[in-house]
Amino acid sequence: MQIYLPIAEVSVNAFLLLGLGGMVGILSGMFGVGGGFLMTPLLFFIGIPPAVAVATEANQIVASSFSGVLAHLRRKTVDLRMGTVLLIGGLIGAALGVLLFNYLKSLGQVDLLVRLCYVVFLGVIGALMFVESLNAIRKTAKGTAIPTRKKHGLIHKLPFKMRFRVSGLYISVIPPLLVGLSVGVLAAIMGVGGGFIMVPAMIYLLGMPTKVVVGTSLFQIIFVTAFTTMLHATTNYTVDVVLAVLLLVGGVIGAQIGTRIGVRMKAEQLRILLALMVLAVCGKLALDLLLMPSELYSVGAVEGH
Amino acid sequence: MLRWLLIALLFALPVRAEEVVLGLSQDEVAITTSFDGSEILIFGAVKRETPIPEGELGVIVTIAGPPEPITVRRKERRFGIWVNTDAVEIDGAPSFYAVATSSPLDDVLGVRDNLEHKVSVPSMLRGVETPNTVLDASAYVTALIRINTDAGAYQLLEDTVVVDEDTLFRTRIRLPAALTEGAYETRIFLTRDGQVVASYETAIDVRKVGLERWLFTLSRENPFWYGIMSLAIAIAAGWTASAAFSLLRN
Numbered sequence: 000m001q002i003y004l005p006i007a008e009v010s011v012n013a014f015l016l017l018g019l020g021g022m023v024g025i026l027s028g029m030f031g032v033g034g035g036f037l038m039t040p041l042l043f044f045i046g047i048p049p050a051v052a053v054a055t056e057a058n059q060i061v062a063s064s065f066s067g068v069l070a071h072l073r074r075k076t077v078d079l080r081m082g083t084v085l086l087i088g089g090l091i092g093a094a095l096g097v098l099l100f101n102y103l104k105s106l107g108q109v110d111l112l113v114r115l116c117y118v119v120f121l122g123v124i125g126a127l128m129f130v131e132s133l134n135a136i137r138k139t140a141k142g143t144a145i146p147t148r149k150k151h152g153l154i155h156k157l158p159f160k161m162r163f164r165v166s167g168l169y170i171s172v173i174p175p176l177l178v179g180l181s182v183g184v185l186a187a188i189m190g191v192g193g194g195f196i197m198v199p200a201m202i203y204l205l206g207m208p209t210k211v212v213v214g215t216s217l218f219q220i221i222f223v224t225a226f227t228t229m230l231h232a233t234t235n236y237t238v239d240v241v242l243a244v245l246l247l248v249g250g251v252i253g254a255q256i257g258t259r260i261g262v263r264m265k266a267e268q269l270r271i272l273l274a275l276m277v278l279a280v281c282g283k284l285a286l287d288l289l290l291m292p293s294e295l296y297s298v299g300a301v302e303g304h
Numbered sequence: 000m001l002r003w004l005l006i007a008l009l010f011a012l013p014v015r016a017e018e019v020v021l022g023l024s025q026d027e028v029a030i031t032t033s034f035d036g037s038e039i040l041i042f043g044a045v046k047r048e049t050p051i052p053e054g055e056l057g058v059i060v061t062i063a064g065p066p067e068p069i070t071v072r073r074k075e076r077r078f079g080i081w082v083n084t085d086a087v088e089i090d091g092a093p094s095f096y097a098v099a100t101s102s103p104l105d106d107v108l109g110v111r112d113n114l115e116h117k118v119s120v121p122s123m124l125r126g127v128e129t130p131n132t133v134l135d136a137s138a139y140v141t142a143l144i145r146i147n148t149d150a151g152a153y154q155l156l157e158d159t160v161v162v163d164e165d166t167l168f169r170t171r172i173r174l175p176a177a178l179t180e181g182a183y184e185t186r187i188f189l190t191r192d193g194q195v196v197a198s199y200e201t202a203i204d205v206r207k208v209g210l211e212r213w214l215f216t217l218s219r220e221n222p223f224w225y226g227i228m229s230l231a232i233a234i235a236a237g238w239t240a241s242a243a244f245s246l247l248r249n
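As given, the protein sequences belong to chains A and B, one line each in that order. So for the first sequence, numbering that gives the first Met the number 0 puts the first residue at 0; every next one is plus one. So for the second sequence, numbering that gives the first Met the number 0 puts the first residue at 0; every next one is plus one.
Don't read these hints as lab results, they were simulated from the structure. One or more of the hints may lead you astray.
Taking CB as the label site, the calculated pair distances span [claimed, not checked]:
(1) GLY91/B - ARG74/A: 56 to 62 Å
(2) LEU210/B - LEU115/A: 17 to 23 Å
(3) THR239/B - ARG164/A: 26 to 32 Å
(4) PRO40/A - ASP149/B: 44 to 50 Å
(5) TYR199/B - PRO40/A: 44 to 50 Å
(6) THR83/A - TRP238/B: 34 to 40 Å
Quick caveat: nothing in here was measured; it's all calculated off a predicted structure. No residue lacks a Cβ here, since even glycine has one placed at the ideal position from N, Cα and C.
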């Protein structure tokens, strides 16, 4: 069934969009990532103009994250206190990121920078997670218990300590604020919710348990992407609500299913799957940059229209 | 003296021997939610008050979408990776362009008349504004034609205009599903031995209607509330799915 999208001004198959939304929704619920880093390139591929794809994707992520976070709230796997601290850092970071983005735009080549950002971050994070979870799986297979991390480094000497009961942490608010801030900057530049950077940062930098990480990440993503949606809707007029509805119907259902799959799986398995997915997207983007494209020219809208 | 000159001029003007009378199956295209492209039947007759003149008759029909400013970018290899280097802004390239002819285009239309009336895709784009900051701006225009032709946005439909008895003609042109709004300029040319002897212009109005119209207008005129509406839909959908699933489990 073909549907004409009023803002994107293209006609697309409704079932294809429902399917795409469902697929990305499952991943979103399983891993606590918004799925923007997967969905946006997929939308380009089916012919949605890039500006509309990026803006509409933000709106769809609000829906699937909200659906996912409700499921996690019921399981009490959301650290609201940690989420709020991360969010404060995230919003400041996003504002800084937008400023940086506009500065780079005035220099030109912002497109390239975004792609390079993707390749570098996806590559590094994917590789780190992959190696770490592989080691964890090997250790459990051998029967040796994973040593519980008890780092008494710099992170515990910082002031403004706060108790995060759900995560079982008693740490300073400065590291989560900084994590939120830097993810916010990157999210604004790369045009995504930032879950795929936030999730590993929470596990490896803050030492939060994986089960809590997913819900908390989703909680934070809702606000960041809602902010982005409003920004795009009011400045670029590129949010296509018909496209968003089709994607989010699939997305919210997928997120519910994903959350249930995620609960049944072991944390290491979950991480290794996420790592593989991140590496696959990274590889695809890197190939696009390295191989000679079949068409050297591309047609686009005039900047600022 | 002046009077004689005027009379002489009047006689020097060619007499319009043939004229086009045109019909369209529809002069409006409504874009609804289920819009999936539209086929337009263009038909007409050659009106003449003199005997059929000598020379091969040709009929050419063109439909052009509204012109838009666009950017054509070129990639080059820098430090081992492919990046966009140069860009050219082209003003006034139509988003859609179709040419239908009664015989191969080169047979029905001479080079000079093609350029004068901007009929074929290359001659239609010949006059577009390109900045002189780039040396080979024409390469960008060629690339634009290639990309749009591959995407089906620029079409050359030779031998698709049917001409009966040197008088009646008809053709069908399919407008694709991905249409932009605006007036689609439609032109008909009659040619004799490759020279344009008569022409006619009209426009097909392409417009969003109903829900499409309402959403588009809202997004431009009340962007804040449009954004709030989009978020409200998103949150409501997320909540509904979550509530439905917990009902299913219990």
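I'd like to know which numbered hints this structure contradicts. Please list them from smallest to largest. 2, 4 and 6
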